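*Asks:* Line by line, the protein sequences are chains Z and Y. Position 265 of the first sequence, counted from 1, bears residue number 265 in the numbering used here, the numbering being contiguous throughout. Position 558 of the second sequence, counted from 1, bears residue number 558 in the numbering used here, the numbering being contiguous throughout.
Check before you lean on any hint, since a few could be wrong.
One copy or any two copies: either way a pair holds, since identical chains are not told apart in the list.
Below, a list of computed lysine-lysine pairs in the DSS-like style, where the Cα atoms sit at most 30 Å apart [said to hold, decoys possible]: (1) K120 <-> K52; (2) K126 <-> K531; (3) K253 <-> K431; (4) K179 <-> K126; (5) K353 <-> K340; (6) K138 <-> K100; (7) K52 <-> K179; (8) K274 <-> K100; (9) K138 <-> K52; (10) K120 <-> K516; (11) K52 <-> K2; (12) K126 <-> K12; (13) K120 <-> K138; (14) K2 <-> K532; (15) K542 <-> K126; (16) K97 <-> K138; (17) K2 <-> K431; (18) K126 <-> K2; (19) K52 <-> K100; (20) K353 <-> K273; (21) K12 <-> K120.
Note that these hints are calculated values from the structure, not bench results. Fair warning: this is a prediction, and the values are worked out from it, not measured in the lab.
Protein chains: 2
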Amino acid sequence: MKLSQAYIPTQKEIPSDAVIPSHQLMIRAGLVRPLAAGIYTYLPLGWRVMRKAIDIIREEMDAIGGQELLMPMLNPIEIWDETGRNRDFGDEMFRLKDRKNRALNLAPTHEEVICDLARKFVNSYKDLPQIWYQIQTKFRDEPRPRSGVLRTRQFIMKDSYTLDVDQEALNTGYDLHAKAYHSIFRRCGLRYVVVGAASGLMGGSGSQEFMAESDAGEDTLILCEQCGYAANTEVAESTIEPLETAASAALEKVATPGAYTIEEVAAFLQREKKELIKTLVYIRQPETPVMILLRGDHDLNENKLQTLLGHVIRPAHPNEIKQICGADAGSVGPVGVSQKLTILADNAIRDQKNMVAGANENDYHVTGVDIGRDAAVDTFADLRNASSGDACIQCGAPLIMTNAIELGHIFKLGTKYSESMGATYLDEHGKDRSIVMGSYGIGVERIVASFIEQNNDDNGIIWNYALAPYAVHIIPVNYGDEDIRECADALYRGFAGRSVAALLDDRQVSPGFKFKDADLLGLPLQVIIGKKSLAQGKVELKHRNTCTSELIDAGEAVVKITAIIEQESTQ
Amino acid sequence: MKLSQAYIPTQKEIPSDAVIPSHQLMIRAGLVRPLAAGIYTYLPLGWRVMRKAIDIIREEMDAIGGQELLMPMLNPIEIWDETGRNRDFGDEMFRLKDRKNRALNLAPTHEEVICDLARKFVNSYKDLPQIWYQIQTKFRDEPRPRSGVLRTRQFIMKDSYTLDVDQEALNTGYDLHAKAYHSIFRRCGLRYVVVGAASGLMGGSGSQEFMAESDAGEDTLILCEQCGYAANTEVAESTIEPLETAASAALEKVATPGAYTIEEVAAFLQREKKELIKTLVYIRQPETPVMILLRGDHDLNENKLQTLLGHVIRPAHPNEIKQICGADAGSVGPVGVSQKLTILADNAIRDQKNMVAGANENDYHVTGVDIGRDAAVDTFADLRNASSGDACIQCGAPLIMTNAIELGHIFKLGTKYSESMGATYLDEHGKDRSIVMGSYGIGVERIVASFIEQNNDDNGIIWNYALAPYAVHIIPVNYGDEDIRECADALYRGFAGRSVAALLDDRQVSPGFKFKDADLLGLPLQVIIGKKSLAQGKVELKHRNTCTSELIDAGEAVVKITAIIEQESTQ
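From just these sequences and the hints, can you work out the full model?
*Replies:* Structure below.
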């Protein structure tokens, strides 16, 4: 492609709303442009990168026996009612009506359509296993679209689904996907880790995430550098030193006027935060209240709570708390709570004595609380966030926290969807059984943005060959000069003849302007054709990643560079 | 692919709602499945065919310098208000609200997004020309989705857009597209014609359609077999013999009780239909009434009327007709119409005398009408449908009518969109000018369905190599037989090694069942491996298109068949 004809609108200015490097660089290098909040156009250069990622995904999915298909983005809402996810997705799902007032939605994922296909057109165990995948636009009405293409309202996803006869067969399909995902992310040149993760709205019996290490990531991982334990904080477990056993004490109601937060109460009573009981009230949808107890210095992990309750949850509203406990949040606790309700407590406060809790009366707390004696705890469980410095549950070494971008997520769904939608098969004995399903996603934009997050410098992007939109950037310092132009054109033709994707900067602009654009676009190799070196039959070959240059014979440039690309591409 | 592992749900039954062959065969051969009205899933086999068509389109668009990008399907409605098309598209556009109650739509086409991109990121004449294209799902809320994938509510379209400095440059981009379209449809093996067409909601100064000849088509073409004139009936012109000049007569009001239609009035007055004036009332939106006069045996061409009026039109409601003319439809006419209104008349009634028209009084007509003397016609124009038997405007030969499927449509838009959205460039003299645009579409499903319409027999589809999902169908009559299985597997491996896409029917079903499925799927070549012929070292090679068979050496089958495919693919 000749730059004079290409539509690659580069810009020096950093867009005011772009905080993270990938967002800034994708705008500045002319890869994408926003049309509305969380909605982007992929310009030609950006779309070339996306297509290279898509091709890699397709090859690896085909390699594990995946069959590509394409499911509709417009779905009849009825199939989403069958699984209850029309409700569960809430405002995150785009809904609309057609001209006959029939309710439709834009699919945020495709388990429902898969089950509908399967129940209609899969009959027997002989039709299984199946691996179906598609690479397609998904729609989610994010409350806060942000970080460029990392969190948008329409995005391209590879989603695949396995249909199997039983759990063992599901495990096989799941493992095949893990293998394919490793190949995909490795080929794309990403630094990533695999972590245990929460299944969230997807449900099912287990899941893992493939996470790109990046400060720009919105996910937080808990890692053990000693034994390799790695998990999303959503599910990460840890062990902590139990508190020294305090002496038992009698219950005493004390006035704590104006002290409502853990910090305020600790300061007022001159106790440490960890000696307080943090009391929260949640509603297990639609209306069952649940009280949660944690140590004052710990934070609730909502995902663990949701998994424990097996249902959608939400924090109780202030008026609900008042009605349930007889006091406002900040003064509530497990002791003498009037209404009968389920009380769940984090493992860390089991057997603790002489603690402080709200008295269920505004501006009062109770001291001397003995959990075993005074709190009617129904269940102790791991309900807190693991955090940096906690001990690894596997080896005891201190854990560290790091940010990461979710690239892919693989789920063992089991029969959650097939049961609710009646997707069954006849087994060898003629008996109807629910199809056992898995679901697997990759965010294509996430691959591209994560790569840029991990591979850039002050001057721009640093592509590898796998994702680079072109491999070589030919830079004649003055395209108006006949010798230089002839050399540049000859190189351009030479690369075309060898199917090496090259960009030729044939614009009549200053060399400095060209060099800046070339570093910004970040193609792996630059061939700079200047008057002086060309007079000696040489051109300059610059490697974008190392920023090193060498002079090579102009006549051998095409052959030599093609060889370099072939060699480095297969590393 | 081995059929035992593939998801290709064939069926014998013709779906009850499928009328046309492509619809029936795409369901029966397991290419697609409906999810809802006008919404289809492409199953693996169907999606392979779609991807082959897409690859051909992509190659030819790249060959004319097109740059592929991807624009959002979710659009902010504001840009559609800027061009007035939020109104013009009416119920055909899907609209929705996001969680913040902002209005969005699903893009039915992308001129607005292109103009938004262009006004923000195209500055100078140096940035032009541009050819931008995408291959993407479009959404249109069709009032009557039908004919399988020919008229659906979401479909895949290649749409491209040219941005140019002036009309001459637009002509170049338009001609490049015409060339690319010819290559695409020729390579796909379609029989098609190019016709003049109406620009409709798209607007602009000219357009042409690429039409696949097919009885299943919803479009009607007017063709001259003598000189090659071809046009969609929307715009087709024709000449007709003028009526013999009747003698002038005096106006006379006559009672025509109960006679309202042309047929009824002609019968009642014992006159020929062509001696009557057909009077219609339309509303030029929002509220200007227009009266249209045609010869009684002619039909109004709404598209020609709309083009003449340069605006959206609709037939007047009965109460509007009553209010405007003082009588009901069936008794209205140009003579003595009370209210002042624009009267348009078809060229065919210019200078006609002694005709019959409604009297603008229920149950009365006027005879002796002399158009020049009695009807205050503002404009004579071509307003009627050309029809079979009319004379060609170019050569006078009789025209014929035929049905066809619209494959592609190319438009010279001019500055319609760039002016309304302010998409300008600075010319060489630093002056702001509107970008001159073209717009070009291809319906990918239309290629596939049209091909099937043109290439099928009683047993199934007859693919060519360009679109076939696989080139060869290997049919071991009994896969349980060791010799047969070994031969089948060897062929399968041999084809894989030569990158020939082959389907192996390794299922344990009867030979007859396999043969029926093979003819239904319609791959170009079938290799049948039977016990008897294999004992003599032979396999049977069957050509699906000619239904002819030959015995060939099993050991040479792979080489020979690969050669046949290479030779026939490049014809």
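*Asks:* Next step is simple, just say for each hint if it's right about the structure.
*Replies:* Against the structure, the hints:
no.: 1; hint: K120 <-> K52; verdict: between (35 Å within a copy, 27 Å between copies)
no.: 2; hint: K126 <-> K531; verdict: between (70 Å within a copy, 26 Å between copies)
no.: 3; hint: K253 <-> K431; verdict: neither (64 Å within a copy, 82 Å between copies)
no.: 4; hint: K179 <-> K126; verdict: within (25 Å within a copy, 48 Å between copies)
no.: 5; hint: K353 <-> K340; verdict: within (23 Å within a copy, 96 Å between copies)
no.: 6; hint: K138 <-> K100; verdict: both (24 Å within a copy, 19 Å between copies)
no.: 7; hint: K52 <-> K179; verdict: both (20 Å within a copy, 28 Å between copies)
no.: 8; hint: K274 <-> K100; verdict: neither (60 Å within a copy, 41 Å between copies)
no.: 9; hint: K138 <-> K52; verdict: both (19 Å within a copy, 23 Å between copies)
no.: 10; hint: K120 <-> K516; verdict: between (57 Å within a copy, 22 Å between copies)
no.: 11; hint: K52 <-> K2; verdict: both (20 Å within a copy, 28 Å between copies)
no.: 12; hint: K126 <-> K12; verdict: between (59 Å within a copy, 19 Å between copies)
no.: 13; hint: K120 <-> K138; verdict: both (24 Å within a copy, 26 Å between copies)
no.: 14; hint: K2 <-> K532; verdict: within (24 Å within a copy, 61 Å between copies)
no.: 15; hint: K542 <-> K126; verdict: between (57 Å within a copy, 29 Å between copies)
no.: 16; hint: K97 <-> K138; verdict: both (18 Å within a copy, 17 Å between copies)
no.: 17; hint: K2 <-> K431; verdict: between (64 Å within a copy, 26 Å between copies)
no.: 18; hint: K126 <-> K2; verdict: between (54 Å within a copy, 13 Å between copies)
no.: 19; hint: K52 <-> K100; verdict: neither (41 Å within a copy, 35 Å between copies)
no.: 20; hint: K353 <-> K273; verdict: within (14 Å within a copy, 104 Å between copies)
no.: 21; hint: K12 <-> K120; verdict: between (55 Å within a copy, 16 Å between copies)
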